[in-house]
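Go ahead and model the full structure; you've got the sequences and the hints to work with.
Protein chains: 2
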Amino acid sequence: MRLYDSPFAPNARRVRMFLAEKGLDLPRANVDLAKLEQRSDDYNAVNPFQVIPALELDDGSVITESIAICRYLEELHPEPALFGSTARERAEVEMWQRLAEFQLLFTIAQTFRHTHPAMREMENPQVPAWAEASRAKAMTAMRRFDAALASRRYLAGENFSVADITGLIALDFTKPARIVIPEELGNLRRWREDVAGRASAKA
Amino acid sequence: MRLYDSPFAPNARRVRMFLAEKGLDLPRANVDLAKLEQRSDDYNAVNPFQVIPALELDDGSVITESIAICRYLEELHPEPALFGSTARERAEVEMWQRLAEFQLLFTIAQTFRHTHPAMREMENPQVPAWAEASRAKAMTAMRRFDAALASRRYLAGENFSVADITGLIALDFTKPARIVIPEELGNLRRWREDVAGRASAKA
Numbered sequence: 003m004r005l006y007d008s009p010f011a012p013n014a015r016r017v018r019m020f021l022a023e024k025g026l027d028l029p030r031a032n033v034d035l036a037k038l039e040q041r042s043d044d045y046n047a048v049n050p051f052q053v054i055p056a057l058e059l060d061d062g063s064v065i066t067e068s069i070a071i072c073r074y075l076e077e078l079h080p081e082p083a084l085f086g087s088t089a090r091e092r093a094e095v096e097m098w099q100r101l102a103e104f105q106l107l108f109t110i111a112q113t114f115r116h117t118h119p120a121m122r123e124m125e126n127p128q129v130p131a132w133a134e135a136s137r138a139k140a141m142t143a144m145r146r147f148d149a150a151l152a153s154r155r156y157l158a159g160e161n162f163s164v165a166d167i168t169g170l171i172a173l174d175f176t177k178p179a180r181i182v183i184p185e186e187l188g189n190l191r192r193w194r195e196d197v198a199g200r201a202s203a204k205a
Numbered sequence: 003m004r005l006y007d008s009p010f011a012p013n014a015r016r017v018r019m020f021l022a023e024k025g026l027d028l029p030r031a032n033v034d035l036a037k038l039e040q041r042s043d044d045y046n047a048v049n050p051f052q053v054i055p056a057l058e059l060d061d062g063s064v065i066t067e068s069i070a071i072c073r074y075l076e077e078l079h080p081e082p083a084l085f086g087s088t089a090r091e092r093a094e095v096e097m098w099q100r101l102a103e104f105q106l107l108f109t110i111a112q113t114f115r116h117t118h119p120a121m122r123e124m125e126n127p128q129v130p131a132w133a134e135a136s137r138a139k140a141m142t143a144m145r146r147f148d149a150a151l152a153s154r155r156y157l158a159g160e161n162f163s164v165a166d167i168t169g170l171i172a173l174d175f176t177k178p179a180r181i182v183i184p185e186e187l188g189n190l191r192r193w194r195e196d197v198a199g200r201a202s203a204k205a
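Here the protein sequences line up with chains A and B, keeping their order.
One gets this note's numbering by counting positions in the first sequence from 1 and adding 2 to each.
One gets this note's numbering by counting positions in the second sequence from 1 and adding 2 to each.
Hints are supplied without guarantee of correctness; some may be wrong.
Cross-link-like lysine-lysine pairs, in silico, BS3-like; alpha carbons within 30 Å at most [claimed, not checked]:
{"hint": "1", "chain 1": "A", "residue 1": "LYS204", "chain 2": "A", "residue 2": "LYS139"}
{"hint": "2", "chain 1": "A", "residue 1": "LYS177", "chain 2": "A", "residue 2": "LYS204"}
{"hint": "3", "chain 1": "B", "residue 1": "LYS139", "chain 2": "B", "residue 2": "LYS204"}
{"hint": "4", "chain 1": "B", "residue 1": "LYS24", "chain 2": "B", "residue 2": "LYS177"}
{"hint": "5", "chain 1": "A", "residue 1": "LYS24", "chain 2": "A", "residue 2": "LYS177"}
{"hint": "6", "chain 1": "B", "residue 1": "LYS177", "chain 2": "A", "residue 2": "LYS139"}
{"hint": "7", "chain 1": "B", "residue 1": "LYS177", "chain 2": "B", "residue 2": "LYS139"}
{"hint": "8", "chain 1": "B", "residue 1": "LYS37", "chain 2": "A", "residue 2": "LYS139"}
{"hint": "9", "chain 1": "B", "residue 1": "LYS24", "chain 2": "A", "residue 2": "LYS139"}
{"hint": "10", "chain 1": "B", "residue 1": "LYS139", "chain 2": "A", "residue 2": "LYS177"}
{"hint": "11", "chain 1": "A", "residue 1": "LYS139", "chain 2": "A", "residue 2": "LYS177"}
{"hint": "12", "chain 1": "B", "residue 1": "LYS24", "chain 2": "B", "residue 2": "LYS204"}
{"hint": "13", "chain 1": "A", "residue 1": "LYS37", "chain 2": "B", "residue 2": "LYS37"}
{"hint": "14", "chain 1": "B", "residue 1": "LYS204", "chain 2": "B", "residue 2": "LYS177"}
{"hint": "15", "chain 1": "A", "residue 1": "LYS37", "chain 2": "A", "residue 2": "LYS204"}
Hints in this document: simulated from the structure, not taken from any laboratory.
Dropping the structure here:
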């Protein structure tokens, strides 16, 4: 197996943090996004959708999409369970993973991509009005997550899961996106500190 | 169990088509999106994220997110398998479900939401330049899907899966979004006719 990776991309970090939680390591190939290597002919042959991460299997076939990669690794290495341990838990984890992805990570990333000068080539055309609409959606989502976290330690309940990985990486991406997490969202801040304190968060 | 549903919403249709493929039926409650019932206090108590579908379980708890609902139903009713039958197949299905969702359904829905007069309240502010950027992304994605479908019957391989449900519903949504699927994408058209011909497509 070989993981196509890139140090600053949030989706690549999701897989690295997941691997760290599992205690796994994989051979990696770096794709330099600043040089637009993801659009090169070589990488296009790996992933015609031109995004990272991608997991190349030993038979040469490729699994893309961070969560598809994580779920595949969960099947090969079930412990610790990061997608839930029962049907009901797995439904909760999937629900919160998706909410963290669409409501937080996506809205925060769109704010970044449509305002930051470094994204001019990658997100062409940049649409500043969409960045502002996304910023407002991110703020609404943070309030809803704060409310949900009033009654539970982690996003999907009492157990740490892949949903928390997505959520942490989303909140860490507020900094380049220049989004300020409101002081009064105490549950969200408590949860973020908790998850950010895990060794895997440095991956 | 009770499914909160709405006749015209693509995400609600994904769950209905999934249920039809499984031969399942569930009690349903209709949420009238035209009347913004998803923002009512009553519905807010069911799903504070104010979107449909949502699945209320017998203990009163709620699973939201169409794919989380489908995956939960797959665990309760494993046959026919719509998320794949082996670890490898499940990875392929997840990958293609996500690609269909992000690259097709999302881009087509954004084109619709940011141009259609009926969406003025639900997507406020509408950003026409984002609709146009999304339309271009949808066109690129259709070409990539067409290329992938040159070598396989269904999106994730030789077996029909939940990825095909997402893909069909995405393409059907090109009509209200006023996106024309290019004539020359013969593989995409062949696949669409194949999937649209299933009885479940009427759900």
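Hint by hint, here is what the structure shows:
A distance of roughly 28 Å separates the Cα atoms of A/LYS204 and A/LYS139; the hinted pair therefore holds under the 30 Å criterion. For the proposed pair A/LYS177 and A/LYS204, the alpha carbon gap of about 16 Å is at most 30 Å, so the pair holds. Proposed proximity of B/LYS139 and B/LYS204 is supported: the alpha carbons are some 28 Å apart, at most 30 Å. Distance hint between B/LYS24 and B/LYS177 is fulfilled; the C-alpha atoms sit about 27 Å from each other, no more than 30 Å.
A threshold of 30 Å between alpha carbons decides the hint, and for A/LYS24 with A/LYS177 the separation of about 27 Å falls inside it, so the pair holds. The suggested pairing of B/LYS177 with A/LYS139 holds, with an alpha-carbon distance near 27 Å, which does not exceed 30 Å. Restraint check for B/LYS177 and B/LYS139: satisfied, since their Cα atoms lie roughly 16 Å apart, inside the 30 Å limit. Note on B/LYS37 and A/LYS139: the hinted pairing holds, with a Cα-Cα distance of about 21 Å set against a maximum of 30 Å.
For the hint linking B/LYS24 to A/LYS139, the alpha-carbon distance of about 35 Å lies beyond 30 Å, and the restraint is violated. Among the hinted pairs, B/LYS139 with A/LYS177 is consistent with the structure: their alpha-carbon atoms are about 27 Å apart, no more than 30 Å. Restraint check for A/LYS139 and A/LYS177: the C-alpha separation of about 16 Å stays at or below 30 Å, so the hint holds. With a CA separation close to 14 Å, the supplied pair B/LYS24 and B/LYS204 stays within the 30 Å bound.
A distance of roughly 48 Å separates the Cα atoms of A/LYS37 and B/LYS37; the hinted pair therefore is violated under the 30 Å criterion. Under the criterion of a C-alpha separation no larger than 30 Å, the hint pairing B/LYS204 with B/LYS177 is consistent with the structure, at around 16 Å. Pair hint A/LYS37 plus A/LYS204 holds up; C-alpha atoms about 25 Å apart against a cutoff of 30 Å.
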